[in-house]
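With the hints as extra help, turn the sequences into a complete structure.
Protein sequence lines, in the order shown, are assigned to chains V and F. Note that my numbering gives residue 29 to position 29 of the first sequence, counting from 1, and the numbers run on in steps of one. Note that my numbering gives residue 47 to position 47 of the second sequence, counting from 1, and the numbers run on in steps of one.
Hint data in this document are derived by calculation from the structure and do not stem from the laboratory. Check before you lean on any hint, since a few could be wrong.
Reference excerpt, derived from the structure (chain F facing chain V, CB under 10 Å, subset only) [stated by the list, open to error]:
1. Arg8
2. Val15
3. Arg24
4. Phe27
5. Asp113
6. Ser132
7. Val133
8. Arg153
9. Arg155
DEER-style ranges, computed between Cβ atoms [to be verified]:
10. F:Ser73 with V:Glu148: 23 to 33 Å
11. V:Val82 with F:Ala135: 54 to 64 Å
12. V:Glu178 with F:Asp5: 43 to 53 Å
13. F:Gln13 with V:Glu16: 52 to 62 Å
14. F:Gln13 with V:Asp14: 24 to 34 Å
15. F:Val165 with V:Arg13: 14 to 24 Å
Ideal Cβ placement from N, Cα and C applies to all residues, glycine included.
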Amino acid sequence: MTIDDKQIDAWLRDIEVPQDLNERLLAFSQPASTVVIRTKRSLLFGASLLAIAASVFGVAIFVQSLNRSTESLTIATNPELVRELGEIKAEIALIDQVIHQAEVRELSKRLNAFSSEANVAAIDRIQRTALIVSLSDQSALQLGASPEWVRRDMARVIQRFPNTAGANHAQQFIAQIETQ
Amino acid sequence: MRNDDHRRRLYEQCVQEHAAALYRVAFRLTGCHESANELVQETFLNAWKDLSKLKDDSKMRGWMFSILRNQNSKVARRTSRERNLTTPMIENLTDRSSQDHDEFRGQFQEALDQLDDDHKLPLLLVSMEGHSVEAVAEVLGVPRGTILSRLHRGRQKLKTILTRVLGIEPEKDKCDDDRR
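Shown next, in the form of structure tokens:
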């Protein structure tokens with residue numbers, strides 16, 4: 001037996017391509033599921049409210065510092081407001097992270113994949129998503145959202161993420177709203 | 001600017017037309033199916049995200065191979081590759097000839113791995129996948145003559161290695177005969 005160029009080319013092509021390759025790759029172009037879209041929308045609403053609250057705080061402090069120039073109050077020197085703004089910023093960052101994680105989880109699910117680690121982590125992310133959505137609903141109520149809207153959104157958390165800490169929190173909070 | 005439908009259609013066409021070819025090249029570059037799967041997925045994920053940057057749809061094939069090549073370089077820099085040459089996708093352990101075939105595939109891949117990427121890539125893209133020398137020169141960013149010479153040298157090296165590893169006689173080089 002001898003080796004010629006044709007033989008080498010044939011050996012080079014002797015590879016079995018997985019039968020489900022195209023199916024897996026096509027998953028990238030599929031639209032996000034409605035669960036992810038709605039979760040994202042809900043979280044973005046919470047984030048927007050928090051961002052508005054942060055802006056209002058900023059303007060209030062600015063006006064306050066103009067009015068009370070003798071007290072020299074600024075955002076940087078008022079520890080309580082600095083802390084509150086810090087908390088709001090942290091919450092916005094967390095919401096961003098949860099949105100990102102929900103998308104990553106969706107993608108991992110679609111890949112059906114080679115990374116079992118991603119699937120294990122996904123369980124934790126569902127818990128976190130539920131908790132953050134219910135907490136952001138609670139914040140939304142405190143920031144002036146209508147109780148009816150908050151109740152409806154929390155009911156969705158209970159329905160979509162049953163048996164999670166977020167769903168339990170939502171259930172307790174709805175009961176609290178209804179008794180008030 | 002491309003709309004979502006056009007982008008999706010283009011992507012789906014790309015998967016149908018090029019996924020198998022990219023997979024074969026990925027397998028030859030990485031030496032195992034798991035790494036090839038990951039490399040192809042990364043390549044298509046990047047393609048999906050950056051599809052709007054592709055100005056000329058007719059250059060899709062070259063563009064995809066450029067992404068694959070860049071991804072492979074990144075992975076090669078980041079991690080040492082784990083090779084699993086003895087695990088075929090479809091195993092038939094009772095079939096002796098199938099075992100021999102798998103063993104040969106492993107040996108062939110080991111021989112191919114001894115080539116550096118400069119010599120391996122032209123072999124994979126031109127000999128294995130049938131790209132034109134000009135197209136490969138453009139993808140790799142080197143002159144046409146360089147591709148031709150790397151192709152020739154790559155083949156010769158591979159024949160020499162295979163001869164040593166498998167004990168097969170190489171075919172006489174016609175150029176050598178002509179020179180005599």
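| field | Cβ separation of Ser73 (chain F) and Glu148 (chain V), checked against the hinted range 23 to 33 Å | value | With a Cβ separation near 56 Å, Ser73 (chain F) and Glu148 (chain V) fall outside 23 to 33 Å, so the hint is violated.
| task | Could you check if Val133 (chain F) really has its C-beta closer than 10 Å to a C-beta on chain V? | result | Because about 15 Å separates Val133 (chain F) from the closest Cβ in chain V, which is outside the 10 Å limit, the hint is violated.
| Closest C-beta approach of Arg24 (chain F) to chain V relative to 10 Å, hint status | Holds: closest Cβ of chain V sits about 5 Å from Arg24 (chain F), inside 10 Å.
| query | Quick one, is the Arg153 (chain F) hint okay against chain V at 10 Å, beta carbons? | reply | Given a least distance of 13 Å, the restraint on Arg153 (chain F) is violated.
| said: Less than 10 Å between beta-carbons is the criterion; does Asp113 (chain F) satisfy it with respect to chain V? | reply: Violated. Min distance 13 Å.
| query | Does the hinted range 54 to 64 Å hold for Val82 (chain V) and Ala135 (chain F) at CB? | reply | Roughly 59 Å apart at Cβ, these two residues keep to the hinted range, so it holds.
| Lying within 52 to 62 Å: is that true of the beta-carbon distance Gln13 (chain F) to Glu16 (chain V)? | violated (24 Å)
| task | Go ahead and decide if the range 14 to 24 Å is satisfied by the Cβ distance of Val165 (chain F) to Arg13 (chain V). | result | Distance hint for Val165 (chain F), Arg13 (chain V) holds at roughly 19 Å.
| request: Identify whether the interface hint at Val15 (chain F) stands, where standing means a beta carbon of chain V within less than 10 Å of its own. | output: Holds: closest Cβ of chain V sits about 5 Å from Val15 (chain F), inside 10 Å.
| Quick one, is the Ser132 (chain F) hint okay against chain V at 10 Å, beta carbons? | violated (15 Å)
| Status of the Arg155 (chain F) interface restraint (C-beta, 10 Å, chain V) | Status holds, d = 6 Å.
| task | Confirm or reject the claim that Gln13 (chain F) and Asp14 (chain V) have a C-beta distance inside 24 to 34 Å. | result | Distance hint for Gln13 (chain F), Asp14 (chain V) holds at roughly 27 Å.
Of the hints listed earlier, those the structure fails to meet are numbers 5, 6, 7, 8, 10 and 13, in rising order.
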